[in-house]
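Q: Sequence:
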Amino acid sequence: MLAYRSLGQGAPVTLLHGFTQRGSAWDEQIDLLGPGFAFLAVDLPGHGDSPDAGATMPEATAGLVATWDALGIERSQVVGYSLGARLALWVACQHPQRVTTLATIGGHAGYEGAARTSRLASDRALADRIERQGVVWFETYWSSLPMWAGLNRRGPEFARRVQDMRRANRASGLAASLRGMGGAATEPFWDRLSAITAKTVLLAGAEDSPYVEHARRMARTIPAARVAVVPRAGHAAHLELPSAVADVLRAHLERD
Numbered sequence: 067m068l069a070y071r072s073l074g075q076g077a078p079v080t081l082l083h084g085f086t087q088r089g090s091a092w093d094e095q096i097d098l099l100g101p102g103f104a105f106l107a108v109d110l111p112g113h114g115d116s117p118d119a120g121a122t123m124p125e126a127t128a129g130l131v132a133t134w135d136a137l138g139i140e141r142s143q144v145v146g147y148s149l150g151a152r153l154a155l156w157v158a159c160q161h162p163q164r165v166t167t168l169a170t171i172g173g174h175a176g177y178e179g180a181a182r183t184s185r186l187a188s189d190r191a192l193a194d195r196i197e198r199q200g201v202v203w204f205e206t207y208w209s210s211l212p213m214w215a216g217l218n219r220r221g222p223e224f225a226r227r228v229q230d231m232r233r234a235n236r237a238s239g240l241a242a243s244l245r246g247m248g249g250a251a252t253e254p255f256w257d258r259l260s261a262i263t264a265k266t267v268l269l270a271g272a273e274d275s276p277y278v279e280h281a282r283r284m285a286r287t288i289p290a291a292r293v294a295v296v297p298r299a300g301h302a303a304h305l306e307l308p309s310a311v312a313d314v315l316r317a318h319l320e321r322d
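Using our numbering, read the sequence shown as starting at 67 and increasing by one per residue.
Worth flagging that the hints you see were computed from the coordinates, not collected in a lab. Glycine included, C-beta positions come from ideal geometry on N, C-alpha and C. There is no bait here: all hints are sound.
Each pair of labels, with its calculated beta carbon distance range: (1) R316 <-> Q163: 21 to 27 Å; (2) R292 <-> S238: 38 to 44 Å; (3) W256 <-> E320: 23 to 29 Å; (4) R226 <-> P162: 38 to 44 Å; (5) E125 <-> G179: 24 to 30 Å; (6) A272 <-> F224: 18 to 24 Å; (7) G138 <-> S309: 30 to 36 Å; (8) P101 <-> L137: 18 to 24 Å; (9) E178 <-> R316: 30 to 36 Å; (10) G76 <-> L186: 37 to 43 Å; (11) T263 <-> V202: 39 to 45 Å; (12) S210 <-> P297: 24 to 30 Å.
Please build the complete structure, drawing on both the sequences and the hints.
A: Here it is as structure tokens:
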């Protein structure tokens, strides 16, 4: 099982966070989406209160399904961001009967070819360095990457909250996640997306152009999918512009 928090009553909605985060990263969305949902905010392997063990897509999927089974959740809506989006897609491919609706933010179905080879090497090198130099070094490096520029628009107080969340991680957990669940760690599964039967919305920030293209590519394969591009948002659209993302999710999710 995975560590989790349950909030609210109604239709089950499972929330899968991104790399360096934890289930509480969804708190703003939970507040904005309002009543009518039973939210299950899990900590992915290597993050929060979940162990480092099980940090591969098949093992994380088994952990999520075991959590559903323990809680008596036969079917759930699933929302995932980045790392959590890849897991959400994987779960929806492997267990389509368990997923009623699917929403991804900044997701894709794995790197391919030379891009995968290069990313796999860089992720492994980064994992080794995290273990040597620690979480504070890593957070400082990670936060400086251009893909997070949109988070700075919310001001210094929000930036400190994100920093605190990232620095609360374990070096061993982040390294395990990169090695086992990074974007290149799993065999690409673009050709399996047609197995997804859930009504699907694929969100991407307009300023996150590679992921806009990933979303459009996935929508050509997932039978009941549409793309939602969030204006003025980057990779972490749900954190940069929470109200805009909540509007899309509110229209997509099904209440009891």
